[in-house]
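Residue numbers (my numbering), protein chains in the order written: chain A, 732 to 845; chain B, 47 to 163.
No lab work stands behind these hints: they were computed from the structure.
All values reported here derive from a predicted model rather than from experimental measurement.
In this text, a Cβ means the ideal position worked out from N, Cα and C, and glycines have one as well.
Computed list of chain B residues with no C-beta within reach of chain A, every gap over 10 Å:
#1 Q57
#2 V58
#3 T61
#4 T66
#5 D72
#6 M73
#7 H75
#8 V106
#9 T132
Restraint-style ranges between C-beta atoms, simulated for each label pair:
#10 A:S734 - B:P107: 15 to 25 Å
#11 A:L749 - B:P54: 39 to 49 Å
#12 B:L161 - A:K800: 36 to 46 Å
#13 B:G99 - A:L749: 47 to 57 Å
#14 A:L787 - B:P54: 38 to 48 Å
#15 B:T66 - A:Q773: 15 to 25 Å
Far from chain B by the CB rule (all over 10 Å, computed), these chain A residues:
#16 S757
#17 E802
#18 V843
Here is how the chains run, residue by residue.
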Amino acid sequence: AQSVTQLGSHVSVSEGALVLLRCNYSSSVPPYLFWYVQYPNQGLQLLLKYTTGATLVKGINGFEAEFKKSETSFHLTKPSAHMSDAAEYFCAVSDPGVNNDMRFGAGTRLTVKP
Amino acid sequence: NAGVTQTPKFQVLKTGQSMTLQCAQDMNHEYMSWYRQDPGMGLRLIHYSVGAGITDQGEVPNGYNVSRSTTEDFPLRLLSAAPSQTSVYFCASSYSRGLAGFQETQYFGPGTRLLVL
Numbered sequence: 732a733q734s735v736t737q738l739g740s741h742v743s744v745s746e747g748a749l750v751l752l753r754c755n756y757s758s759s760v761p762p763y764l765f766w767y768v769q770y771p772n773q774g775l776q777l778l779l780k781y782t783t784g785a786t787l788v789k790g791i792n793g794f795e796a797e798f799k800k801s802e803t804s805f806h807l808t809k810p811s812a813h814m815s816d817a818a819e820y821f822c823a824v825s826d827p828g829v830n831n832d833m834r835f836g837a838g839t840r841l842t843v844k845p
Numbered sequence: 047n048a049g050v051t052q053t054p055k056f057q058v059l060k061t062g063q064s065m066t067l068q069c070a071q072d073m074n075h076e077y078m079s080w081y082r083q084d085p086g087m088g089l090r091l092i093h094y095s096v097g098a099g100i101t102d103q104g105e106v107p108n109g110y111n112v113s114r115s116t117t118e119d120f121p122l123r124l125l126s127a128a129p130s131q132t133s134v135y136f137c138a139s140s141y142s143r144g145l146a147g148f149q150e151t152q153y154f155g156p157g158t159r160l161l162v163l
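The following block holds chain A by itself, in its conformation from the complex (with noise of 0.2 Å):
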């Protein structure tokens, strides 16, 4: 079954600064993968998502993410980040196939320093 680590439960950086969040799963074939994001008491948001094709991913907000096969891993990148962009971010995995939910990490919350 796939499953889905995200190193660092929190991350702070300043406003201006580059945002990695990282994101590795297991699988035992390539996986469709996705970013949500949370915000403060709401419910969660697609950023992007893989499936095939293109394995750099541009999202939404300016965030995108490379499908690395080699590296089991689907960082999400922000060149510059912006106090909006203060939230709680989570990476989840579903495997091809019929019957494969998602799973998701255990989140990472962004903080944004002024």
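Since the structure of chain A is already known, use the hints to place chain B on it.
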């Protein structure tokens, strides 16, 4: 579109009480699911449904029941509340799960915060 709606937003229960968390979506989505969110554990799937009349268990189903009589509604029932069920509950929906795996975007409700004393 209202999207995915959940009621109530917050609930306090005593151990042993039962209650139903409501979830509705107006996007004509086939797939609906319930997750619980606990600190340091991310979201864990409780139950899901791939269409009206079809439900199945997820990762942590014990203590919960679901039914899906319509496409729009997917209520979650706590049969006899326990302190271990204190959590934030999210309902989500997507167009389908598909035969080739879960590729679809899930749309989440705002959550229900449950405290069991």
